[in-house]
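Asker: If you want the building blocks of each chain, they are given just below.
2 protein chains.
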Amino acid sequence: MNLILLEPTEVPVSGPVELSGRRAEHIIKVLGCKPKDQVRVGVVDGARGHGTVLDLSSGRVTLDLVLDSPAPPAPPVDLILALPRPIMLRRILSTVAAMGVGRVFLVNARRVEKSFFAATIVAKREFRSHLLLGLEQAMDTRLPLVSVHDRFRPFVEDELPPLLHHYDARLFANPGPEDTFRLLWDQGGARTRIVVAIGPEGGWIDYERDRFLELGFVTASCGPRVLKVDTAVAALLSRAWLLISP
Amino acid sequence: MNLILLEPTEVPVSGPVELSGRRAEHIIKVLGCKPKDQVRVGVVDGARGHGTVLDLSSGRVTLDLVLDSPAPPAPPVDLILALPRPIMLRRILSTVAAMGVGRVFLVNARRVEKSFFAATIVAKREFRSHLLLGLEQAMDTRLPLVSVHDRFRPFVEDELPPLLHHYDARLFANPGPEDTFRLLWDQGGARTRIVVAIGPEGGWIDYERDRFLELGFVTASCGPRVLKVDTAVAALLSRAWLLISP
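Chains as they are written, first to last, in numbering that gives the first Met the number 0: chain U, 0 to 245; chain D, 0 to 245.
Among the clues, some could well be false.
Said to hold, decoys possible - A short, non-exhaustive set of chain D residues, derived as facing chain U with CB atoms under 10 Å:
id, residue
1, D185
2, V225
3, K227
Claimed, not checked - Derived pair list, reagent style DMTMM-like, types lysine to aspartate or glutamate, alpha-carbon separation capped at 25 Å:
id, chain 1, residue 1, chain 2, residue 2
4, U, K28, D, E200
5, D, K113, D, E125
6, U, K227, D, E125
To be verified - Here are a few chain D residues that face chain U, going by a calculated C-beta distance under 8 Å:
id, residue
7, Q136
8, W184
9, L226
Simulated from the structure, these hints should not be mistaken for lab results. Computed from a predicted structure; not experimentally measured. From the three backbone atoms N, C-alpha and C, an ideal C-beta is built for every residue, glycine too.
All chains should be built: construct the whole structure from the sequences, respecting the hints.
Answerer: The following block contains the structure:
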């Protein structure tokens, strides 16, 4: 927890904020703060700054807030991800929030198990706590938007096409030669936004691949090695960020 | 398990091989093989090929082996990693074996907890099973060499310098601007080997950083965001591989 994140509703119009629970415990036990110490603070989808410890008591911390840095820009990388199994989804949500993504489209695919959509985390859209862990790690405040698309065809035919003009790089992940990244790099990278589509364990089927290629996606890879989805997500987002012009 | 890995001692001079346990279970239950079906097979640090199922019985599979592809080359990327906590080390070992590394140097650093070296996985060098999981995933047979260096100074002063001529890119990971990767890329990447040094949670201290810089390491980053060590490993190895000339 490199940043203490507050919900917008927790930020008082004026005066100090009082924290309890996980964040207070972190300030007291991990950071070992004393009165007058400062901690980095941010507001979800809002500004960053610092909090000065006014008071610590059993499990409670009172902070005086100075939120003097504007909200960072939303990351210029989006992710289309075939819905992974719940235990992996939790970890991936934290990872992508830490690495920085604007939107995550969780989509169906032939090789996605139907039961994954029935899992509590998906059915009840319990994404927020996992995303916050990633933001706290990376000291960002921009919560990725996560949407669930339980039918592949309406997603690629109706929902995705109107968004495509946002992206000047559309990458379709598949193990194989790594020429795409080199080519995009030599062409100057991406100037607007990048979207990366990553398939399920076992990969996209040909029909799914063809739909992405029709929409102007180009096959991109991290080499011929077959990676677990969570590793592939980190590896591909890392390369996507490299393509964003500084 | 995209590749059934055999230990060299398991491979008969002639005749079929009989498997039990985890691998037999995978062939029977996950792959659902029947007699005459083929599975991808490899020998640790050796050749790859396929096995034809001759017989399946309760928990046992007999395979006829054809090992007709030579061992893949050892990956041209090595990793210096400040020893992470055991639960993270396990995951990282699988990840790095899947992504491809030749050597892993697990080193001490000021912000590494002493207790990590006393953990069973480190004290007893129980790395192999975690590495094999990664190789099975990536369909590689080259087991990364893992060594443990519990004193930082002898490592950077005595052990590392004689190896440095192997590397024409020496990267020292630190959050910050991403210019190094862009620069190395524009200079044509690496022609021999790359070594990447990744610090502990909390980062290297200045003394440690300075030792690496003195040895010709250049600071490289995946951007300003502070990542967990396992995410940083995947993100940086992904970029390192991109620098290897095809």
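Asker: Decide, hint by hint, whether the structure agrees.
Answerer: To see whether the hints hold, each was checked on the structure:
1. D185: Holds. Min distance 9 Å.
2. V225: 5 Å, holds
3. K227: 6 Å, holds
4. K28/U x E200/D: 17 Å, holds
5. K113/D x E125/D: At roughly 18 Å apart (the allowed maximum being 25 Å), E125/D and K113/D satisfy the hint.
6. K227/U x E125/D: The given pair, whose Cα atoms are some 22 Å apart, holds under the 25 Å limit.
7. Q136: Holds, about 6 Å.
8. W184: 6 Å, holds
9. L226: Since chain U brings a Cβ to about 6 Å from L226/D, closer than 8 Å, the hint holds.
When each numbered hint is compared with the structure, no violation occurs for any of them.
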